[in-house]
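Protein chains in written order, with the working numbering: chain Z, 1 to 489; chain R, 1 to 432.
Since the hints were made in silico from the structure, they are not lab data. Every value quoted in this text rests on a predicted model; they were computed, and no experiment measured them. Check each hint, because a few of them may be wrong.
Simulated pairs of lysine-lysine, DSS-like, Cα-Cα distance not exceeding 27 Å [said to hold, decoys possible]:
| no. | chain 1 | residue 1 | chain 2 | residue 2 |
| --- | --- | --- | --- | --- |
| 1 | Z | K156 | Z | K103 |
| 2 | Z | K23 | R | K292 |
| 3 | Z | K333 | Z | K323 |
| 4 | Z | K323 | R | K287 |
| 5 | R | K146 | Z | K23 |
| 6 | R | K319 | R | K292 |
| 7 | R | K287 | Z | K180 |
| 8 | Z | K31 | R | K292 |
What follows is the residue order along each chain.
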Amino acid sequence: MLHQYHGRKNRLIGKPCNISRLKVSEVIQLKNRTKIIKYAYLSLFSLICLYLLYFNLFESRLIYSNSYNRRLRESSGNVIRGSILDKNGEVLAKSTKYKAGVKRTYAYPRYFSHVIGYSSEKYGSSGLEALYNKELMSASDTMEDLRSKINDYYIKGSNIVLTMDRSLQVYASDLLRGKKGAIVVLRPGTGEILAMASKPDFDPSGIQNNWESLINDKNSPLLNRASEGLYPPGSIFKLVIASSILANNLQDNEIECTGEVNVDGYTIKDSEGKSHGSITLGDALKYSCNSYFIKQGLKLGNTNLYNEAAKFRLNKKVQTDIKVSESVFPSGKDSRSIAQQSIGQGEVLMTPLHAAMIAAAIANDGIMMRPYVVSSIRDGENKIIKEFKPKQIARIMNQNTADIITGMMIETVESGTGTRAKVSKVDVAGKTGTAEVGGNQKSHAWFVGFAPADSPQVAIAVLIENGGGGGSAAAPIASKVLKKAFSIK
Amino acid sequence: MFEVLSWSYRFIYTALTAGFALSCWMAYSKNIRTCRYISPLLNLILIILNFSLIAYYYEPLDYTALYIGVGLASAYMLSRLVLAKLSIGCNCLMYDIVYNMLQTGLIILYRLSPEYGLRQACFAAAGMLGFFAAFIFMKRFQIEYKHLSLLGGLILALLLITQIWGIEINGSKNWINLYFTNVQPSEFIKLIFVFFLACLLSQELSTRRFVGIAASILAVICFFVLQRDIGSAFLFFAVYLVMLFTKDIKGYYTAISAGAAIGGAFISYFAFSYIRSRVLAWINPWKYTSGKSYQITQSLFAVATGGLIGTGLFLGDPKFIPAVHTDFIFSALCEETGILNGISLLAMYALISIIGMDISSKCSNPIYSSAAFGLTSLTAIQTLVIICGVLNIIPITGITLPFVSYGGSSLLSQFINVGILCCINTMAEKTD
Numbered sequence: 001m002l003h004q005y006h007g008r009k010n011r012l013i014g015k016p017c018n019i020s021r022l023k024v025s026e027v028i029q030l031k032n033r034t035k036i037i038k039y040a041y042l043s044l045f046s047l048i049c050l051y052l053l054y055f056n057l058f059e060s061r062l063i064y065s066n067s068y069n070r071r072l073r074e075s076s077g078n079v080i081r082g083s084i085l086d087k088n089g090e091v092l093a094k095s096t097k098y099k100a101g102v103k104r105t106y107a108y109p110r111y112f113s114h115v116i117g118y119s120s121e122k123y124g125s126s127g128l129e130a131l132y133n134k135e136l137m138s139a140s141d142t143m144e145d146l147r148s149k150i151n152d153y154y155i156k157g158s159n160i161v162l163t164m165d166r167s168l169q170v171y172a173s174d175l176l177r178g179k180k181g182a183i184v185v186l187r188p189g190t191g192e193i194l195a196m197a198s199k200p201d202f203d204p205s206g207i208q209n210n211w212e213s214l215i216n217d218k219n220s221p222l223l224n225r226a227s228e229g230l231y232p233p234g235s236i237f238k239l240v241i242a243s244s245i246l247a248n249n250l251q252d253n254e255i256e257c258t259g260e261v262n263v264d265g266y267t268i269k270d271s272e273g274k275s276h277g278s279i280t281l282g283d284a285l286k287y288s289c290n291s292y293f294i295k296q297g298l299k300l301g302n303t304n305l306y307n308e309a310a311k312f313r314l315n316k317k318v319q320t321d322i323k324v325s326e327s328v329f330p331s332g333k334d335s336r337s338i339a340q341q342s343i344g345q346g347e348v349l350m351t352p353l354h355a356a357m358i359a360a361a362i363a364n365d366g367i368m369m370r371p372y373v374v375s376s377i378r379d380g381e382n383k384i385i386k387e388f389k390p391k392q393i394a395r396i397m398n399q400n401t402a403d404i405i406t407g408m409m410i411e412t413v414e415s416g417t418g419t420r421a422k423v424s425k426v427d428v429a430g431k432t433g434t435a436e437v438g439g440n441q442k443s444h445a446w447f448v449g450f451a452p453a454d455s456p457q458v459a460i461a462v463l464i465e466n467g468g469g470g471g472s473a474a475a476p477i478a479s480k481v482l483k484k485a486f487s488i489k
Numbered sequence: 001m002f003e004v005l006s007w008s009y010r011f012i013y014t015a016l017t018a019g020f021a022l023s024c025w026m027a028y029s030k031n032i033r034t035c036r037y038i039s040p041l042l043n044l045i046l047i048i049l050n051f052s053l054i055a056y057y058y059e060p061l062d063y064t065a066l067y068i069g070v071g072l073a074s075a076y077m078l079s080r081l082v083l084a085k086l087s088i089g090c091n092c093l094m095y096d097i098v099y100n101m102l103q104t105g106l107i108i109l110y111r112l113s114p115e116y117g118l119r120q121a122c123f124a125a126a127g128m129l130g131f132f133a134a135f136i137f138m139k140r141f142q143i144e145y146k147h148l149s150l151l152g153g154l155i156l157a158l159l160l161i162t163q164i165w166g167i168e169i170n171g172s173k174n175w176i177n178l179y180f181t182n183v184q185p186s187e188f189i190k191l192i193f194v195f196f197l198a199c200l201l202s203q204e205l206s207t208r209r210f211v212g213i214a215a216s217i218l219a220v221i222c223f224f225v226l227q228r229d230i231g232s233a234f235l236f237f238a239v240y241l242v243m244l245f246t247k248d249i250k251g252y253y254t255a256i257s258a259g260a261a262i263g264g265a266f267i268s269y270f271a272f273s274y275i276r277s278r279v280l281a282w283i284n285p286w287k288y289t290s291g292k293s294y295q296i297t298q299s300l301f302a303v304a305t306g307g308l309i310g311t312g313l314f315l316g317d318p319k320f321i322p323a324v325h326t327d328f329i330f331s332a333l334c335e336e337t338g339i340l341n342g343i344s345l346l347a348m349y350a351l352i353s354i355i356g357m358d359i360s361s362k363c364s365n366p367i368y369s370s371a372a373f374g375l376t377s378l379t380a381i382q383t384l385v386i387i388c389g390v391l392n393i394i395p396i397t398g399i400t401l402p403f404v405s406y407g408g409s410s411l412l413s414q415f416i417n418v419g420i421l422c423c424i425n426t427m428a429e430k431t432d
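Input sequences plus hints: build the corresponding full structure.
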């Protein structure tokens, strides 16, 4: 074979004259270019491989559970979808096999419609039905899975146990009847979500028949207001500002409140134009004095406020196991917007879940816990396959700050704007919020708080859309829910 | 019963493919002799097992699948022996890798639709012939600088033919109807274009020359934009850019070209609605799930469903993805055979890119060195672009995954591409 090449050997070397004018160093430089590209390709391929692994670990679950994924079905092959249970083992959703196929039934369809979601052949799934589809649809034991395939019998998928309490959820939802709004109840120390009610709701078992009317309903019943609804926080945001004031040692400043503040030709009034006179932080929070927080907010400035909001996890993804929206704190452009943001208006948006997390963090000595609804995944014999432990998100304020704010929140419920949140024999710490929504619509009513104030067991956020004043519309509901929450373990 | 088989087979499949990729890498980087025998052996085992499984799926047994499997295996052994006689060095290794990709593609295609699988098998036969034809032709025919006008004329002619007689399929007007089949001239223009550029760049780079090169690339790209073949336009420009980079000492010309490309991308974003909709679908796929990002979200669902080892052949739903047999075949592969398998495949693409780059470094003839570089870049960039596209890392462009996607023209052109590379490799080794 070799002789074939001898005759043409010179052609392989080519005529090097054309690069003869280049210096030797330049020739080497050009040779290196090929190497650069070679390693560029190699690293790009490796990066894609890494991305694929990353995708599989961190992104695929959420993408897989998207309700547009047609692979999410009530049953497939020989698996019967697993059940969903509350924290006491009460069955909330289960599948049973009939001759014609598998049917999913919900024990408290409307009460858990947003958390559990729906699972439909035609319209896909939502909520936990979608997020935990893989677990619900597969046996815990791969050998069992294989055996059932060989012998062609039905197996049950894994069960999911929630942190939620059925009775509290039902009680909270009923308090919202006829209203639009949300209630979130958390355990401050662990982040367990005990109840998460959102109204209006829907019936997940009737999803097939009502689909069109549900998605066209202008009240958006499919939206989980508790974790995906974004609302102006109004005065409950003063808790965040208070933390910033304390962190920057501005709490000793007394501010003169005349009942209104003029910022760049724009007047913001206190509620009912009431003037509080010379006022301190404690009283300002207790009576929800706008003038105080606007003046202090302007003193703190955009950078401080923005950083404080970031510390409280606004503008950030909340780590949790359900679908949540990101709360928003825009960077203040001018003093007018800073003034509005200081009282939780002006494009500041928050989910009720986030509000509850902030209350819980204050209750938990300044440590924010990751909220979660799924406590464990279990097999048919109730053996734990996977357990989810409480996780810290971050410390958002130091313990001293948390104690001071707690004291002020107790005062607020004791004799401030939140007196209607009182529960007999228990100290409640809380903050009301009345968020203006513009137009001629009624304000959104907010209440966040926790109890008992000295050793907090539950934290709560109540939001009533267009409900009016926080102290009059939201606080009484919070009081009832807190009282009920003490009765559960 | 089939379910059980397929369910358990995915473990074996993943292991075999990973083993194959690993042994190819070892054979090349560590020069381990035994690996040179392991890779073809694994390849054969994979072909036999895969097609047996597919044949078993149908009841009664699907003999067509078996025939394809047997044909593929015997063609492999035969061509591998011939190649071993004809050439030296790492050519056989390259051939092994390419063949593995081919069989992976065939399996997925046959699983998606036996009709496509069968046709692709015919294309594969043509491709193998193309490989050897290119190999032998390049040995006999020497490309020199004086052929520049011939190459340029050929490109222009092919582009004009497409422009005039082209028919529109899937939104791109870049097909020619040859009565018995449709061909995509752009697939072959690629190869000629690389040699054309290699000739131009073999001379010292001056401003005047650069203007000439830039004008010709601009003309080619204009044709592609007219034919709404954005994938090719992008690919050509990227290959031009990296080829220029290796010859451009100061880097000015490359910088100017890159700047022009970014400018062009901006203009085309505003000028063409179909480009805009793809970019929008890329930036926020979940906003248009049932509209313009339907394809890409379906692709992501598929990859997310598969997990590390996949659902098993026939046990997933890759058919939910539109254009799954051409652009989105990688997603189908990930769904049914797993992400690990996708990674093995990527490792193989990385390896042939490296082999190609080494061939280019080895070769002392500037035209051939540059051509080897360009041909390798063609495969590498095409792979990167389409895989990043289906994973929504970049906007999706309609180009094929080399050796895996369905398509006669692209398969033939890619086989010819590797054939030429093998020939350049042989020549480079002989002169050492």
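Tested hints:
For the given pair, K156/Z sits about 13 Å from K103/Z by alpha-carbon distance, which is consistent with the 27 Å threshold. With a C-alpha separation of about 53 Å, the suggested pair K23/Z and K292/R falls outside the 27 Å cut-off, and the hint is violated. Taking the CA atoms of K333/Z and K323/Z, the gap is about 31 Å. The hint is violated against a cut of 27 Å. Between K323/Z and K287/R, the direct Cα distance comes to roughly 15 Å. Compliance with the 27 Å bound is thereby established for this hinted pair.
For the proposed pair K146/R and K23/Z, the alpha carbon gap of about 26 Å is at most 27 Å, so the pair holds. The suggested pairing of K319/R with K292/R holds, with an alpha-carbon distance near 18 Å, which does not exceed 27 Å. For the given pair, K287/R sits about 26 Å from K180/Z by alpha-carbon distance, which is consistent with the 27 Å threshold. A C-alpha spacing of about 44 Å is found between K31/Z and K292/R, which places the hinted pair above 27 Å, so the restraint is violated.
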